[in-house]
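We have chain A; now place chain B onto it with these hints.
Protein sequences, first through last, are from chains A and B.
Residues -2 to 153 in our numbering are what the first sequence spells out, letter by letter.
Residues 478 to 584 in our numbering are what the second sequence spells out, letter by letter.
Hints were generated in silico from the structure; no laboratory data involved.
Warning: the hint list may mix true and false statements.
[Claimed, not checked] Simulated crosslink set (BS3-like; lysine-lysine; CA at most 25 Å straight-line):
| no. | chain 1 | residue 1 | chain 2 | residue 2 |
| --- | --- | --- | --- | --- |
| 1 | B | K527 | A | K60 |
| 2 | B | K490 | A | K73 |
| 3 | B | K490 | B | K527 |
[Claimed, not checked] Across the chosen pairs, the derived CB separations fall in these ranges:
| no. | chain 1 | residue 1 | chain 2 | residue 2 | range |
| --- | --- | --- | --- | --- | --- |
| 4 | A | S83 | B | N553 | 47 to 57 Å |
| 5 | B | V482 | A | V138 | 19 to 29 Å |
| 6 | A | D36 | B | M478 | 27 to 37 Å |
| 7 | A | R93 | B | D551 | 42 to 52 Å |
| 8 | B | E484 | A | E107 | 23 to 33 Å |
| 9 | B | E522 | A | T108 | 22 to 32 Å |
| 10 | A | D70 | B | D551 | 35 to 45 Å |
| 11 | B | E564 | A | D136 | 38 to 48 Å |
| 12 | A | Q134 | B | M478 | 35 to 45 Å |
| 13 | B | T488 | A | A49 | 33 to 43 Å |
| 14 | A | E2 | B | D550 | 39 to 49 Å |
[Claimed, not checked] Selected chain B positions facing chain A (Cβ under 7 Å, derived; list incomplete):
| no. | residue |
| --- | --- |
| 15 | E491 |
| 16 | R496 |
| 17 | M499 |
| 18 | G521 |
| 19 | A529 |
| 20 | M530 |
| 21 | M533 |
| 22 | L534 |
| 23 | E536 |
| 24 | T538 |
Positions of the beta carbon are idealized from the N, C-alpha and C atoms, including for glycine.
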Amino acid sequence: MRLSELIHGPSVVPELAATDRNGVIRELIQSLADHGALDPDSVETATRAAIARENQGSTGFGKGVAVPHVKHDCVKTMTATIGRSSRGVDFAALDRAPVYSVVLLLSPAETPEDHLAAMEKIFRYLQRENFRRFLRQADTVEAISDLVAEADEMKE
Amino acid sequence: MTEAVGEVAVTTKEGLHARPVMRFVDVASTFGSTISVCNITLGGESLDGKSAMEMMLLEATQNCVIRISAKGDDANEAVAALTSLVESGMENPASSPSGDPPTASAS
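Looking at chain A on its own, in the form it has when it is part of the complex (with noise of 0.2 Å):
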C-alpha cells in the first residue's frame, strides 16, 4: 500500500481553521465528507467515535504529530486525510509538545489487518525527521499531495 493511495489528496487541509484537538478531529471528518470520501450521514457518529477513541489514550505520539483513527461501522472504505496548523494544537501528546501535522484514519469495524498495516505505513513515513519538518512546512494541498507522492517514491 502506498500513502498516497490511502490518504484522500482532495481533503487535505493544509491550514487548520480549528484550534482544538475536538475541533481538529471534526473538521478533519467534515473535509473528507465534503469531498466524497465519506458518507455526510456519518460525519457526526464518526466524529464522536473518534473523539472517544482519543478520551481513551492519545494518539500524540510526540515530535509535533498525531495520528487520531477509529474503526467504526459508519465507515465503508477506509480512507485518511492530512491537516497542518501552524500555531499548533495540544493533543495531551506523550511529550506534552503542540501537534502541528495531524493525520486522520477512518476504518471500518470489520478490517483491523487492514487498519494496521494503515497505522504501519503512517507511522513508517512519520518515522523519518525529514518527513516531519517537510510535511510541518508543506501549506497547500499541492504541496502536502507532493510531499506524500514523493514519499512514496523513495525507498526505505
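Relative to chain A, chain B alone:
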C-alpha cells in the same frame, strides 16, 4: 548485565493496535533494561520497546508471535511483565501507569 528473551502470541482480534502499543511502551518504560521487540511472524525489524513511534511499526495482528528481548539488570522481570501483559490481551490495568479505563467501544 542480564539478557532475557520471551515469545508470545497476540490473541486479541484487534491485534496490538495503538492503545495496547502505548500501554506496552508505558510498562516497558518502567524498566531500566533496554527492550527490543520483533514481530517474528512477519519477519519484521527489531524495534525499541520504549518508543511509541517505533512500536507502531510492529503490525502485530491476531496470531502473530512477537519476540521480546531485554538487556539489563531487570531484564528477566521486564520480559516476564511484558509477555504476561500481551498474553492477558493487554487488559492488565494494574501494570499500566497511565491507568486508562478499559473501554470496549469506539476504537
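Tested hints:
Of the supplied pair hints, the one linking K527 (chain B) and K60 (chain A) holds, its CA atoms being roughly 15 Å apart against a limit of 25 Å. Among the hinted pairs, K490 (chain B) with K73 (chain A) is consistent with the structure: their alpha-carbon atoms are about 20 Å apart, no more than 25 Å. For the proposed pair K490 (chain B) and K527 (chain B), the alpha carbon gap of about 24 Å is at most 25 Å, so the pair holds. A hinted range of 47 to 57 Å for the beta carbons of S83 (chain A) and N553 (chain B) is consistent with their spacing of about 48 Å.
Distance hint for V482 (chain B) and V138 (chain A): a CB-CB separation of about 48 Å, inconsistent with the stated range 19 to 29 Å. Against the hinted window of 27 to 37 Å, the Cβ-Cβ separation of D36 (chain A) and M478 (chain B) comes to about 56 Å, which falls outside the hint. Against the hinted window of 42 to 52 Å, the Cβ-Cβ separation of R93 (chain A) and D551 (chain B) comes to about 27 Å, which falls outside the hint. Separated by about 29 Å at the C-beta atoms, E484 (chain B) and E107 (chain A) satisfy the suggested range of 23 to 33 Å.
With their beta carbons about 25 Å apart, E522 (chain B) and T108 (chain A) fall inside the hinted range of 22 to 32 Å. In this structure the supplied range 35 to 45 Å holds for D70 (chain A) paired with D551 (chain B), their Cβ-Cβ distance being about 43 Å. Between E564 (chain B) and D136 (chain A) the Cβ separation comes to about 47 Å, which falls inside the hinted range of 38 to 48 Å. The hinted window of 35 to 45 Å between Q134 (chain A) and M478 (chain B) holds, with their beta carbons roughly 43 Å apart.
Between T488 (chain B) and A49 (chain A), the C-beta spacing of about 25 Å breaks the proposed range 33 to 43 Å. A hinted range of 39 to 49 Å holds for the C-beta pair E2 (chain A) and D550 (chain B), which are about 46 Å apart. Satisfaction of the interface hint for E491 (chain B) is found here, the shortest Cβ-Cβ separation to chain A being roughly 5 Å, below the 7 Å cut-off. The restraint placing R496 (chain B) at the interface with chain A holds, with a minimum CB-CB distance near 5 Å, inside the 7 Å limit.
The interface hint given for M499 (chain B) holds, since its Cβ lies 5 Å from the closest Cβ of chain A, which is under the 7 Å cut-off. Proximity of G521 (chain B) to chain A is violated relative to the hint, the smallest CB-CB distance being about 9 Å (cut-off 7 Å). About 5 Å separates the beta-carbon of A529 (chain B) from the nearest beta-carbon of chain A, less than 7 Å, and the hint is met. At a threshold of 7 Å, the smallest CB-CB gap from M530 (chain B) to chain A is about 5 Å, leaving the interface hint in force.
A hinted interface residue such as M533 (chain B) counts as satisfied when its beta carbon comes closer than 7 Å to some beta carbon of chain A; here the least separation is about 4 Å, so the hint holds. Checking L534 (chain B) against chain A: minimum C-beta separation of about 6 Å stays under 7 Å; hint holds. Among the interface hints, the one on E536 (chain B) holds; its C-beta lies about 4 Å from the nearest C-beta in chain A, closer than the 7 Å criterion. Interface hint at T538 (chain B): satisfied, since its Cβ lies 5 Å from the closest Cβ of chain A, which is below the 7 Å cut-off.
The structure fails to meet hints 5, 6, 7, 13 and 18 from the earlier list, while all remaining hints are met.
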